[in-house]
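Visitor: Sequence:
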Amino acid sequence: MYKTRINKIYGYKTQAYKTALSLAIAGAATLATPYVFANNDLSNVCPNPIRMADTGIEGMGPLAEAFGPFAEAFETTTGLELEMFSLSNRTAAGTALQYDDVDLVFAGPSEFVLFDRESDIEILFAIERPHYGSSFFVPADSEFQTLADLEGQRVALKDVGSTSGHIFPSQMLVDAGLDIQRDLEIVMAGDARIAALVNGDVDAMGGGNRDIDEIKAMDPDGEYRVLATSDVLPGDPVVMRGSLEDACKTALRETLRANADTLWNALVATDRNEDKFLNRDSSLGFDRTNEDYDVVRRAYEAAGIPL
305 MYKTRINKIY GYKTQAYKTA LSLAIAGAAT LATPYVFANN DLSNVCPNPI
355 RMADTGIEGM GPLAEAFGPF AEAFETTTGL ELEMFSLSNR TAAGTALQYD
405 DVDLVFAGPS EFVLFDRESD IEILFAIERP HYGSSFFVPA DSEFQTLADL
455 EGQRVALKDV GSTSGHIFPS QMLVDAGLDI QRDLEIVMAG DARIAALVNG
505 DVDAMGGGNR DIDEIKAMDP DGEYRVLATS DVLPGDPVVM RGSLEDACKT
555 ALRETLRANA DTLWNALVAT DRNEDKFLNR DSSLGFDRTN EDYDVVRRAY
605 EAAGIPL
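The opening position of the sequence shown corresponds to residue 305 in our numbering, with each subsequent residue numbered one higher.
Derived by calculation from the structure, the hints in this document are not laboratory data.
Just so you know, not all the hints are guaranteed correct.
Unchecked claim - Derived CB-CB ranges, DEER-like:
id : residue 1 : residue 2 : range
1  : 455       : 562       : 48 to 54 Å
2  : 424       : 491       : 34 to 40 Å
3  : 609       : 447       : 40 to 46 Å
4  : 366       : 480       : 25 to 31 Å
5  : 403       : 526       : 49 to 55 Å
6  : 561       : 503       : 31 to 37 Å
7  : 485       : 549       : 44 to 50 Å
8  : 491       : 605       : 45 to 51 Å
9  : 485       : 554       : 45 to 51 Å
10 : 522       : 463       : 14 to 20 Å
11 : 393       : 496       : 19 to 25 Å
12 : 529       : 345       : 51 to 57 Å
By construction, the Cβ of each residue, glycine as well, lies at the ideal position given by its N, Cα and C atoms.
Required output: the full structure, derived from the provided sequences and hints.
Guide: Written out as structure tokens, the structure reads:
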């Protein structure tokens, strides 16, 4: 019987809604999750259910669609029911960690360094994406050859606080010797950044490496080139509250590492996660440390954005 529950912290849903949602998740898990053998029963050392939140999905329906198969595989592997919570933003997630309202949070690099300032946390695993980084794009016939050449120009970035679409592009500009407040006209264009470049509203666009696919999709007859690319960024971590018992943290790491392939296949079994993660040899990584995210802290400092 599939027992994973989806809740909304500080919210309320009718019993009918919860029943329908549970049936939807169970159906998704049955269709998408490969058969796995129970590995360990960690309920003697860990909370059961164990509570997990995600900072990138708002609403219980989308949360169920994204993580239903993973929750099923997690329970089968660990013997722990995964009780998932929908949180509206990273501030709410940080507060939930700080007050032990959740045990695990699926976060991004920016959220991790924020949480680390406010809460006692540790990394359980990270989604390692070899393609995860930032790039600047210009039309193929652009006169600009380096980032330094963009001085005095109009440049589109993504959303304020986006790791690959704002924070790291800002650092790249600073590293190129530019003052992002004085030397450039920065446009925080969000989802309109692709159209801004294609329509010629900006001279260059900074964003994630995969934005080139969206550029080509919007303008299949156009030609564009990469002006600069960052190093690979540290992956999206799943963090544990530090107040979990050490025996639980150790057991979770060992059990999930031993079943990494099964859990990975379940994670990317949904359309949302397959599109986000399954690209160029992505995988679960269990060797990330707090220090690996110092590069994110330095990028925030370079961008002049307080954590």
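Visitor: Each hint: holds or not?
Guide: Do the hints match the structure? See the list:
1. 455 to 562: 48 to 54 Å: Since the Cβ atoms of residue 455 and residue 562 sit about 52 Å apart, the hinted range of 48 to 54 Å holds.
2. 424 to 491: 34 to 40 Å: holds, 39 Å
3. 609 to 447: 40 to 46 Å: Violated - the Cβ-Cβ distance for residue 609 and residue 447, about 30 Å, lies outside 40 to 46 Å.
4. 366 to 480: 25 to 31 Å: About 38 Å separates the Cβ atoms of residue 366 and residue 480, which means 25 to 31 Å is violated.
5. 403 to 526: 49 to 55 Å: holds, 50 Å
6. 561 to 503: 31 to 37 Å: Since the Cβ atoms of residue 561 and residue 503 sit about 47 Å apart, the hinted range of 31 to 37 Å is violated.
7. 485 to 549: 44 to 50 Å: The hint (44 to 50 Å, Cβ to Cβ) holds, given that residue 485 and residue 549 are roughly 47 Å apart.
8. 491 to 605: 45 to 51 Å: violated, 22 Å
9. 485 to 554: 45 to 51 Å: holds, 46 Å
10. 522 to 463: 14 to 20 Å: Given range 14 to 20 Å: holds, Cβ gap about 18 Å.
11. 393 to 496: 19 to 25 Å: Given about 22 Å between the Cβ atoms, the range holds.
12. 529 to 345: 51 to 57 Å: holds, 54 Å
Violated hints, listed in ascending order, are 3, 4, 6 and 8; each of the other numbered hints is respected by the structure.
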